[in-house]
Structure formats: structure tokens, C-alpha cells
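So the protein lines, in turn, are chains A and B.
Residues in the first sequence are numbered from 1 upward in steps of one, following my numbering.
Residues in the second sequence are numbered from 1 upward in steps of one, following my numbering.
Calculated from the structure, these hints are not laboratory results.
Model, not experiment: these values are computed from the prediction.
Treat the hints with care, since some could be wrong.
Claimed, not checked - The calculated DSS-like cross-link candidates involving lysine-lysine, where the alpha carbons are at most 30 Å apart (straight line), are:
1) A:K238 / B:K72
2) B:K72 / A:K283
3) A:K301 / B:K189
Said to hold, decoys possible - Here are some chain A residues the structure puts well away from chain B; computed CB gaps all over 10 Å:
4) Y8
5) E11
6) W294
7) R295
8) E297
9) F308
Just so you know, even glycine gets a beta-carbon here, dropped at the ideal spot from N, CA and C.
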Amino acid sequence: MLSRFNIYLLEYAINSLLRQKFKNIFITVILTILIFLLSSVFFISSSLRYELQSTVEALPEIVVQNIKAGRHYDIDTQRADSILEITGVNDVVARVWGYYYFANAGVNFTIVGIDEYEQQYKNSLSEVSKKMDFSLPSMYLGNGVKNVMKKNYYKEYFNFIKPDGRLKKVMIAGVFDGDTQLESNDMIVMNKQDVREIFDIDDNKATDLVVKIANVDEIPTVAAKIKQLFPDTRVITKNDLKISYQNIFDYKSGVYLALFIISLFTFFIIIYDKLSGLSSEEKKEIGILKAIGWRIEDDLKEKFYEGFIVSVFSYLVGITLAYVFVYLFQAPLLQNIFTGYSALKTSFELTFVYDTQTLATIFFLSVPIYIAATIIPSWRSATLEADEVMR
Amino acid sequence: MIELKNITKKYEVNKNNTVIALNEVSLKINSGEVVVLKGASGSGKSTILSLIAALSKPTSGEVIVDNRRISKLMDNFATDFRRDNIGFVFQKYNLIPSLSVAQNIILPLVPTNPDEKDVETKLNEVLEMFHIKDKKDILVKNLSGGEQQRAAIARANINNPDIILADEPTANLDEKLSLHFIEIVKELKEQGKTVVIATHDPLFFNLDFVDLEIEIFQGSIVI
Chain A
1 MLSRFNIYLL EYAINSLLRQ KFKNIFITVI LTILIFLLSS VFFISSSLRY
51 ELQSTVEALP EIVVQNIKAG RHYDIDTQRA DSILEITGVN DVVARVWGYY
101 YFANAGVNFT IVGIDEYEQQ YKNSLSEVSK KMDFSLPSMY LGNGVKNVMK
151 KNYYKEYFNF IKPDGRLKKV MIAGVFDGDT QLESNDMIVM NKQDVREIFD
201 IDDNKATDLV VKIANVDEIP TVAAKIKQLF PDTRVITKND LKISYQNIFD
251 YKSGVYLALF IISLFTFFII IYDKLSGLSS EEKKEIGILK AIGWRIEDDL
301 KEKFYEGFIV SVFSYLVGIT LAYVFVYLFQ APLLQNIFTG YSALKTSFEL
351 TFVYDTQTLA TIFFLSVPIY IAATIIPSWR SATLEADEVM R
Chain B
1 MIELKNITKK YEVNKNNTVI ALNEVSLKIN SGEVVVLKGA SGSGKSTILS
51 LIAALSKPTS GEVIVDNRRI SKLMDNFATD FRRDNIGFVF QKYNLIPSLS
101 VAQNIILPLV PTNPDEKDVE TKLNEVLEMF HIKDKKDILV KNLSGGEQQR
151 AAIARANINN PDIILADEPT ANLDEKLSLH FIEIVKELKE QGKTVVIATH
201 DPLFFNLDFV DLEIEIFQGS IVI
């Protein structure tokens with residue numbers, strides 16, 4: 001039979017906490033702030049990791065760029081035919097894209113061109129292709145672009161300034177969802193021909209070539225063959241891009257690690273303070289309780305409740321605040337540390353990721369350690385003779 | 001019956017300094033008796049109470065209560081014994097100041113995870129018995145000395161123990177309240193309880209209901 005929950009012991013624990021109200025409120029606030037900080041950092045990094053993973057998954061297997069004097073130039077589309085002849089190559093797509101600086105907001109948009117009958121290399125672009133009216137100059141916007149344009153009163157159309165100084169009016173057809181926030185947020189998708197016009201790219205040129213490979217194990221071999229065929233090109237494999245993304249993320253993780261260490265350091269100072277012992281009043285109280293019939297385990301159980309109430313309350317409030325801060329308010333200040341160069345990018349929206357592993361990690365880093373720090377000094381006193389503790 | 005057999009108790013103040021609180025003390029107290037332990041401060045009276053309550057263990061000798069060698073009990077068994085058999089009234093009452101009278105009184109019941117009705121019944125009994133029902137919800141720190149003492153006695157009786165031990169119970173009371181306490185002791189005796197009082201208050205000497213007066217001097221029984 002399950003034993004009843006001892007409500008009187010819980011009541012005593014709450015009273016005991018209230019007896020040192022200010023000290024306990026102070027500890028609870030500090031603990032909550034630490035858990036909030038740690039959780040925020042964990043949540044941001046979880047979101048970014050999720051985005052990164054999804055972005056990497058959506059990356060093309062091989063990208064071929066034309067290089068001149070170490071810089072990226074437009075590539076001849078005819079080269080696609082030669083690459084298609086390499087064994088293992090499924091398809092080659094000539095991409096037409098570029099960055100458009102939107103001076104009103106001081107941000108860069110990425111404009112990507114698609115053709116009506118072209119096989120798209122990404123699911124998100126295939127979806128846009130189905131919706132788009134290719135007979136009109138129209139475009140689909142990523143969420144970040146839509147927000148920036150809306151703020152600047154461009155709700156129906158936008159006039160792009162072409163390299164020759166003339167304007168190109170393109171209608172806003174709608175918003176599209178990319179495979180990930182990270183790559184679609186600052187993106188505009190439109191007819192390839194309109195992109196050529198905006199960036200002044202010739203019909204026989206493309207920004208780069210995307211090569212689709214049937215067997216991923218063949219990627220290095222095919223990349224080597226392309227390099228052999230066109231020595232003046234840069235051949236970037238999915239793995240190269242993955243490493244480059246990972247490097248940026250790892251650099252940001254350094255900042256995260258510093259925050260993490262500071263938080264842990266503060267937490268352990270609290271723990272050290274608790275472990276350094278009980279006040280004479282607290283010791284006397286343990287003695288009194290023992291003298292009137294409380295066993296050691298009764299006292300420890302009561303201390304467990306005290307630690308549990310403080311740490312679980314801090315944990316729940318800290319986590320909730322972190323969720324609100326990160327996903328509702330988009331982590332002001334902290335997000336910039338992780339996402340960086342926001343002046344040139346449209347603001348990035350953190351994707352909600354419910355990660356039980358992260359929640360469990362934060363729980364085990366805070367709650368049991370705090371409870372142990374509450375129980376251990378009491379256990380030391382409770383194991384002494386009651387007479388000795390009270391004297 | 002309470003029996004102390006050749007009890008010696010030493011306290012180690014530090015490595016080179018040991019105080020002998022009791023030296024080869026033997027005594028017998030029958031059930032239902034009221035016994036007064038007399039003597040100056042530091043004579044060893046409180047140590048005898050501590051040993052009977054199993055709050056501490058003798059350095060040598062045996063303490064036997066109702067045929068149980070309580071000086072040999074392990075910590076948790078000693079606590080159980082104390083909870084079920086002993087009511088202790090401390091010199092400074094040792095109440096928790098920030099708890100109410102009722103919360104203080106029920107403290108010995110808390111570890112047993114009692115039923116709410118049971119707690120109410122026992123609480124009301126002792127509140128009435130020691131005339132503090134009207135103070136039930138008042139914080140102990142706001143009570144007078146006499147009221148605090150009554151709360152302490154009520155707490156000592158909440159489990160209806162057979163033995164009541166009182167350590168200098170009138171040390172912080174005026175004469176009127178001290179006489180009231182003596183009346184309470186008389187009532188406890190009438191209920192059949194064994195009461196052992198350690199005191200140097202002359203009010204307790206030569207009382208007609210006291211069965212035995214024992215003088216302690218420097219850790220030994222004089223009379």
C-alpha cells in the first residue's frame with residue numbers, strides 16, 4: 001500500500017524556508033537567473049544546431065564556381081553539358097542568384113532565380129515553382145524579407161535598381177517557407193529571367209552550377225573529375241560547406257561555453273556556501289527536533305523538501321522565462337552573439353525546438369546538486385548526538 | 001521503572017581537557033513517581049535527564065527504562081524510544097519561535113505522518129489540559145514566558161508519554177508562574193506519569209507529592 005504523503009512535513013519545510021525569507025528568496029532569484037541564462041544559451045544553440053543540420057541536409061552535393069583572381073565570377077552555362085557527361089552525375093542546374101543591398105534597412109537580400117520547367121535542387125524551391133506565375137515579374141519572399149519590406153511600406157511590389165540605374169518593378173506574390181529559417185529568411189525567389197535582368201547576368205552565364213550526384217560516396221571522385229575538366233573553377237562539395245558552417249557555429253559556441261562556465265561557477269559558489277555549514281540556530285533546531293522524536297531521515301526528508309521546493313521552483317521559472325525570452329522575444333542581445341553580422345542580414349527567427357535532452361541536462365545540472373547541498377550539512381549535524389548539537 | 005547503573009559520563013572539551021559530568025551514579029525511579037534532582041549549575045542534573053531521554057550515551061554504565069537498555073540503543077531506535085515514551089521540557093523551552101503554538105505542539109507527531117483528525121484530537125486535548133487553547137494560532141515568539149512554558153509542556157505531552165523530564169523548568173518564570181507549574185506537575189502525577197525534574201529552585205523542595213529528592217554534587221549523588 002502506498003504510504004500517504006506527509007503534508008505536515010511539507011508544511012514544516014515551507015515554514016522553515018519562510019523563516020529565513022530574505023536569504024531563501026535571494027538564493028531562489030540567483031538560481032532562477034542562472035537557470036534562465038543557461039537554458040537560454042542551450043535553447044539558442046539547440047535552435048541553431050537544428051537550423052544548421054537542416055541547412056546542411058538541404059545543401060547541394062557539389063557547387064562549381066568560376067574563379068578569376070581569387071574571386072567568384074559568373075560561369076558559362078555550356079560547362080553544364082560537359083559536367084553532365086561525367087559518370088555518376090544525375091543533373092546539373094545553372095543557378096542564377098546574388099545579393100541585393102536594400103539601403104532603406106541596411107540589409108542584404110539573397111535573390112534566387114528559378115525556371116518554370118527546370119528540375120529544382122531543393123524542395124522549397126519546387127514548391128515555389130508550382131505556385132509562381134512565370135508570365136509576370138513576381139516574387140516570393142522569405143519571412144525576414146517580408147517583414148523588412150512591410151516596415152518600409154513595400155506591400156505589393158518593389159522596384160529593384162539595376163546595375164545600369166534603371167528600375168525593375170517586381171510584384172510581391174506571397175511568402176514562402178524554406179527548408180530552414182537560416183537559409184530562407186533573407187531569400188527572394190523569382191523568375192530566373194528577372195534575376196538576370198536585376199543583376200545584369202547574360203543568358204549564357206550563371207552564378208554557379210549545382211551538380212546532383214546519384215551516389216553520395218561518389219562525390220569526391222566526381223568533384224576531382226570536374227576540377228580536372230575545368231582547372232579554373234572552384235569545386236565545393238557538401239562536406240566542405242558543412243565544415244565551413246560548423247566552423248562558424250563552433251566559434252559562436254566558444255562564447256556559449258564562456259557563459260556556461262560563468263553560470264556554473266556562480267552556481268557552485270552558492271553550493272559551496274551551503275556546504276560550508278549550518279548556522280548555530282539551524283544546528284540547534286536539528287537538535288530540538290531530534291530531542292522531540294525526529295529521526296535522522298525525518299530531518300533529511302524535510303531538508304529534501306526545502307531543497308526541492310527552491311530548486312524545482314527556480315528550474316520551472318528559469319526554463320519558462322528562457323522559453324519566453326528565446327522564442328517569444330527572440331533572445332534580444334544573446335541572439336546577436338550567436339548569429340552575428342545582423343547589420344547585413346535580415347533578422348533571423350529562432351525556430352522552436354523542444355529538446356528533452358536539453359531540459360534534462362539543465363535539470364541534472366541544477367536540481368539534484370542543490371538538493372544535495374541542502375541535505376549534506378544537515379546530515380552532518382543530524383548524525384551528532386542531539387544533546388551535543390543543542391549544547 | 002527508570003534505572004541508572006554505575007553511570008559515568010565524560011565530555012571531551014578538547015584533546016587535553018575532559019570534564020567528568022557524572023561519576024559512577026546509580027539510582028532507581030519507580031513508575032508514577034515524582035523525583036526532584038537538586039544541585040547547583042553544572043552539578044550533572046541535566047546530564048542525568050539527557051541520559052534517561054537517550055539524548056546522549058553514557059561513557060560507561062547502563063540506563064534501563066522499563067526493562068530496555070536504552071544506553072545501548074542505536075540512534076534511530078533511541079529517537080523512536082524518546083518519541084513514544086519521553087516528554088522533555090527544556091530549560092529555555094526550545095520552541096521554534098516562528099511557528100505558532102499549535103505548530104510547535106504537534107512537532108513530535110510530524111514524523112509519524114499522522115491522520116489530520118488524530119492530530120486535531122491530540123492537539124485539543126493538550127491545549128485544554130495546559131490552558132493555552134486561546135493561544136493556539138499565535139506565534140510562539142509573541143508569547144510570555146509562562147505561556148511559552150505551557151506550550152513546551154503541551155508539546156512534551158502530545159504523544160501521551162509515560163515519562164516527563166523537565167530541565168530547570170522554572171528558571172525563566174516568576175514565582176506565581178512557578179507555582180502554577182508545580183500544580184501542573186501534580187496533575188501529571190495524578191495521571192500516573194513519572195516526572196523527573198532537575199532544578200535548583202527551592203520552590204520544589206519538600207513538596208508533599210514529591211516522592212524523592214536527590215542531591216547531585218559535582219557529578220555524584222550526595223543524598
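Results of checking the hints against the structure:
1. Taking the CA atoms of K238 (chain A) and K72 (chain B), the gap is near 76 Å; set against the 30 Å cutoff, the hint is violated.
2. A C-alpha spacing of about 25 Å is found between K72 (chain B) and K283 (chain A), which places the hinted pair at or below 30 Å, so the restraint holds.
3. Of the supplied pair hints, the one linking K301 (chain A) and K189 (chain B) is violated, its CA atoms being roughly 37 Å apart against a limit of 30 Å.
4. Chain B draws Y8 (chain A) into its interface by the beta-carbon criterion, the shortest separation being 5 Å against a cut-off of 10 Å.
5. A beta-carbon of chain B is positioned within 10 Å of the beta-carbon of E11 (chain A); the least distance is around 8 Å.
6. The beta carbon of W294 (chain A) is not kept farther than 10 Å from every beta carbon of chain B, the shortest such distance being approximately 5 Å.
7. Separation of R295 (chain A) from chain B is inadequate, the least Cβ-Cβ distance of about 5 Å not exceeding the 10 Å criterion.
8. A Cβ of chain B approaches the Cβ of E297 (chain A) within 10 Å, the least distance being about 8 Å, so the stated non-interface status is violated.
9. The claim that F308 (chain A) is not at the interface with chain B holds, since no C-beta of that chain comes within 10 Å of its own (minimum 17 Å).
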